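*Asks:* Sequence:
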Amino acid sequence: MGLECRILPTSTRNLRQTKAEMRRELEELRWNMRQPPGSNPDGTNSAFHSPSAGTFSGPPSGDVTETSLSPAFGGSGSVNDGSSGGGASRKGSQGQTLSRALDGYVVDAKRVDDCFELFFSQYHALLPVLDSSMSPHSPNEYYELSPFLFWAIVVTGSRQYHEDPSILDKISQLITPLAFSSMALRSTPIPVIQGLLILCTWRLPTNSMYKDMTHMLCGAAVHLATQIGLHVDGVGQDFARMPLKKDQDQKIFRAKIWMYCMIVSIRTSCAEGIPPLVIADTFFDGDEKKREDTLAHLPVGLQFNHKLHVILHKAMAAMARTDLKSVNCNVGILRSLIGVFDSQLLLLAATSPSDPDTFFLNCARIHVLAFHFFAHPTNQNPDAESLSRLYSLCISTLQASNTLAQQMSHAFISQSFIDRTVELAGFIILKLYRSPLAVHLDLSAGETAFFYGVNVTKASSMQNNDLASRCANIMINLWGSNKIFRRRGGVVESLGLRLRTRLSMSLSFDMFWYWREEFGHMSNPYDKEEVAATTASNAQIRPTTPDYQKEHQDAKHNPSAQQQQQQPLQQPQQQLQQLQHQQQQQIQQQQSQQQLAQQATTTSVPLPATSASLPPKFDPNPAFMGHIPQSNQTPVSFDGWDGSDYSAPPMLDQFPDYDWAASFDFTNEWSQPPMHGIAESGGYQFG
1 MGLECRILPT STRNLRQTKA EMRRELEELR WNMRQPPGSN PDGTNSAFHS PSAGTFSGPP
61 SGDVTETSLS PAFGGSGSVN DGSSGGGASR KGSQGQTLSR ALDGYVVDAK RVDDCFELFF
121 SQYHALLPVL DSSMSPHSPN EYYELSPFLF WAIVVTGSRQ YHEDPSILDK ISQLITPLAF
181 SSMALRSTPI PVIQGLLILC TWRLPTNSMY KDMTHMLCGA AVHLATQIGL HVDGVGQDFA
241 RMPLKKDQDQ KIFRAKIWMY CMIVSIRTSC AEGIPPLVIA DTFFDGDEKK REDTLAHLPV
301 GLQFNHKLHV ILHKAMAAMA RTDLKSVNCN VGILRSLIGV FDSQLLLLAA TSPSDPDTFF
361 LNCARIHVLA FHFFAHPTNQ NPDAESLSRL YSLCISTLQA SNTLAQQMSH AFISQSFIDR
421 TVELAGFIIL KLYRSPLAVH LDLSAGETAF FYGVNVTKAS SMQNNDLASR CANIMINLWG
481 SNKIFRRRGG VVESLGLRLR TRLSMSLSFD MFWYWREEFG HMSNPYDKEE VAATTASNAQ
541 IRPTTPDYQK EHQDAKHNPS AQQQQQQPLQ QPQQQLQQLQ HQQQQQIQQQ QSQQQLAQQA
601 TTTSVPLPAT SASLPPKFDP NPAFMGHIPQ SNQTPVSFDG WDGSDYSAPP MLDQFPDYDW
661 AASFDFTNEW SQPPMHGIAE SGGYQFG
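Using the UniProt record's numbering, you'd call the opening residue of the sequence shown number 1 and step up by one each time.
I should point out that these hints are in silico values taken from the structure, not numbers from a laboratory.
Source: prediction; values computed, not measured.
Check the hints yourself; a few may be wrong.
[Said to hold, decoys possible] No farther apart than 27 Å at their CA atoms in a straight line, the calculated lysine-lysine pairs in the DSS-like style are these:
#1 K289 to K251
#2 K290 to K246
#3 K256 to K246
#4 K256 to K245
With the hints as constraints, model all of the structure from the sequences given.
*Replies:* Structural data, given as C-alpha cells:
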C-alpha cells in the first residue's frame, strides 16, 4: 500500500500487565474506594499507605474510635456505640457478610461470622495484634484488605467451631500456599505480618514436626517487618518511596506490631529448640524523651512481655554460644549464666500485671533452668538444690496450667509456646522422679502435676492423632516404662542428656528418642554401645525380611539350591586352611630360631617382648590378599567398629527428619526389645 512505518523517539512500548500487577492495581482501586470523604488521596495522611508508598498499615483513622472489635463480633473489647461501625448485627460497614471460597472450598456467610466471633471473643485478647483504630470492622473489610489475614482469622476461630470441624481441616491445608503467595505479592505487608503472627501463636494442626511450618512463617514475618522498617522507631520514612506524615498514631501502631513480632519470634524459636534470630531492636535506644513518649502509649502488658522475652532471648543466645554439644562443657560458666538470667526473671516477676503474664514468666524460667541438665554426667556432683527448685517450679507451673485451662478459654493453653513448655515441664518431672534425688522430692505432687500436663496437652489437641495427641500418649507411655534411663548394668541414669543441640528443648527431643527405642523399636543413634545390639534385636520385627534371612529360608525349601550355594564356598575354605597351615609353620620356625638364639648367648639378657610376640591370628598371604602384611597390624572386628576413624559422622539415613511419631500407631502392642545402658557420649548430634 506504500505506507511507511516510522517509530517516533517519544513512543514507548506498552507491555501486558502481569497477574500480580493487575492484582496490585485492583487492591489499590479498592483502597481508594474505601477512602472517606476529605481524606488525602495520596495516602500520606492515612494509617495504611497505598502500595506505591512502600509501606502498609491499616484503614484510615478518620472518625473510628480506639477499638479492635465490631459489635458484630461480640468481643470483650471496648466499643464506642457512637462510632461508625456500631449498631450492626452480623453486618459490617459494607452490609451483609458474604460467603468466601479458598481454592474451591466455600465457607458460607454464617460460618464466616461464627468463626470471626470466636476469634475476637477467645483468641484476639491473647494476641491483640489487630487492636487498633486502624483495623477493619467487618469480615468483608478484612477480606478486601487482605484475603490471607481473613482466612487466618477464620482458621484460628474454627479451632473451637464444633458445628463444622471440616473448616479447620480444609483451611489448615490451603492457607499455607496462600501465605507464601501473599508474601510474594508485597502489596499489603502489615496484614500479612498480622496473619503470620496469628498462625505462629496458634500453629496449624499437623501430625508431624517435620511438616510444621511455624518457624518458617515466623521468620518470614520478622523479615517482612524489618524490610518495611518496623524495627526502627518512627513512621518508616527511611523505608518508603514517598513523603510520609509524622503521625503519632501511625508511630505507636508500628511499634506495637514490631514488639509482637519480637515476642512471637522468640517464643517460636525457644519452643522449637532453635537459636533465636538476631533481632535489631532499636526502640529503646537513642533519645530518652522519645523512648518515654513511645512507652507511654504502649499497654502495660505488652511492655512486660517485651522485657520478659528480651531476657529469654539473651539467655538462649548466651547458652547457644557455650559448648553445650560437648559433655565436657564448662559447668561453672553454665551455672553462672543460668543464675544471672534466672535472677533477672525473678526481679521482673514483681512487675507482672496479671496471672497469665506470671505464667509466661514461669515458662521462661523453666526454659532457662532446664540447662542444668547439660552439666551432667561429666559432673558427678549435680546441683541438687537447683534441680529441686526446678522440680518445684515445674509442679507449680503445671498446676497453674490446669487452673488456667479451667478458668480461661481453650485458646490460652493451646498457644504453641505454652503446650511445648508444658511437655518440657512434664519430662523434667519424669527425669527427676527417676533420679537419685527422688528421695528428697515430693513424688506424689510430682506425679499429680505430671498428669495435669498430660491432660492439658490432650486438651490442646485439635485433630485426632495430631502432635498434641501423640505427645500426650508418649508422656503416658514413658511414665509407665520400666526400661527408660536404664543402663546396661541395670543402673538408672536419668540426669544425663544424649541430644544436646536443641537448647532447652533438648530434654523433650531426647525423651522422644527414649520412646522411639522402647515403643518404636528404633536403634539408638546416640549410644555407640547400643547401636549393634538394638539393631540386631530389631531385625526380627522389621516389616521387610533381610536378604540373608531370605536366602536362609530359600535354602530350607530348596535343598538342591543349598548344595549349589555350598560348592562355591569350598574353595575359599580350602584357601583358609592353607593359610592357617602356613601360619603354623611360621610360628614353629620362629620358635626354633628363638631357642637357637638363647643357646648362643653367653649372658642371660632377656629378649624384648616385641621379638617374642606372636603374629595376628589371621596373617593374610600376599599372594592372595594383594598387599604386604604389617607386623604391628591389629585385628579389626566389625562388631565393635563405630566409624570413629572417619572424620565425618555416620549418616542416619533411616531418620530423614525430626518426625518423632508420624509412622507409629499407639494402639499396637509390639514386642519390647531389651534396653541397654546409656553411654556417656552424646553420639551423633543434630545440627
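*Asks:* A separate judgement is required for each hint: does it hold in the structure or not?
*Replies:* The hints, checked one at a time:
| no. | hint | result |
| --- | --- | --- |
| 1 | K289 to K251 | holds, 15 Å |
| 2 | K290 to K246 | holds, 13 Å |
| 3 | K256 to K246 | holds, 17 Å |
| 4 | K256 to K245 | holds, 19 Å |
Checked against the numbered hints given earlier, the structure satisfies every one of them.
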